[in-house]
Amino acid sequence: MSKKEQKIAKQAELSPKERTFFWYYFLIHIPITIFIDASVIIPSNWQVGSTIVSWHIQQNNDFLLWEKPLWLKICVFFELVSQLPLFFYFLKRLNEKYYENARLIDRKRLNKWLFRYGLIASATTFYCLYEIAKRGHYPFLGSDETLVPLSNADKLKLIGVYLPTFLIPLRLLLL
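If you read the sequence shown in the UniProt record's numbering, its first letter stands for residue 1, the second for the next number, and so on.
In case anyone wonders, no lab produced these hints; they're calculated from the structure.
Mixed in with the good hints there might be a few duds.
[Claimed, not checked] Listed below are the simulated DSS-like cross-link pairs for lysine-lysine, each with C-alpha atoms no more than 25 Å apart in a straight line: (1) 17 / 92; (2) 92 / 108; (3) 134 / 112; (4) 68 / 157; (5) 68 / 155; (6) 17 / 73; (7) 108 / 17; (8) 92 / 134; (9) 97 / 108; (10) 155 / 17; (11) 134 / 68.
Take the sequences, apply the hints, and build the full model.
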């Protein structure tokens, strides 16, 4: 790669530490997607991680995973179909040895896919955060007409669970 190409490539790319961070982020996100997120659309008798999901719902009062609204089902479907395969692509491309030897066009292509992932993931999670703040309620309590609103402390706890999956992909929008 020429010096000019190197200068252009460095203008909008992840630092080596950020690449390592995101490599682990995507590695960890694979089982989270398969065992937790997929529970939104996979019937409970087919779920491998149903115990973990039930525990999470009870511990964090995650009414979204309990309700499984249609918009969330659609988002999770697209996560499984498009984002899950991208996680494997990202793992390969963010590998230090691969990345250092990649051509400028390959790095730009990677950055475009990281940007797209960041946009979709942060937008989806932003809407989840909005729903938590707007209508957060305790799962298992009340009926459809008389839902028991989450206390501010429980809303903040649930927001704290979702916040990393908003902020981390949001960084990718700078690429």
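Residue 17 paired with residue 92 [C-alpha distance capped at 25 Å]:
Status holds; Cα separation ~16 Å.
Holds or violated: residue 17 with residue 73, Cα cutoff 25 Å?
violated, 34 Å
Please work out if residue 108 and residue 17 have their alpha carbons no farther apart than 25 Å.
holds, 18 Å
Are the Cα positions of residue 134 and residue 68 separated by 25 Å at most?
With a Cα-Cα distance of about 16 Å, the restraint between residue 134 and residue 68 holds, given a limit of 25 Å.
Holds or violated: residue 68 to residue 155, with C-alpha atoms at most 25 Å apart
holds, 18 Å
Does residue 155 pair with residue 17 here, judged by a C-alpha cut-off of 25 Å?
violated, 32 Å
Satisfaction of hint between residue 108 and residue 92, Cα-Cα up to 25 Å
At roughly 15 Å apart (the allowed maximum being 25 Å), residue 108 and residue 92 satisfy the hint.
For the pair we were handed, residue 97 and residue 108, check the Cα-Cα distance against 25 Å.
holds, 17 Å
Are residue 92 and residue 134 close enough, with their CA atoms no more than 25 Å apart?
Measuring from Cα to Cα gives roughly 39 Å; hence the hint is violated.
Take the C-alpha atoms of residue 134 and residue 112, compute the straight-line distance between them, and say whether it is at most 25 Å.
The hint is violated at about 33 Å.
Check whether the Cα positions of residue 68 and residue 157 lie no farther apart than 25 Å.
Within the cut-off at roughly 19 Å; holds.
Checked against the numbered hints listed earlier, the structure breaks hints 3, 6, 8 and 10; every other hint is satisfied.
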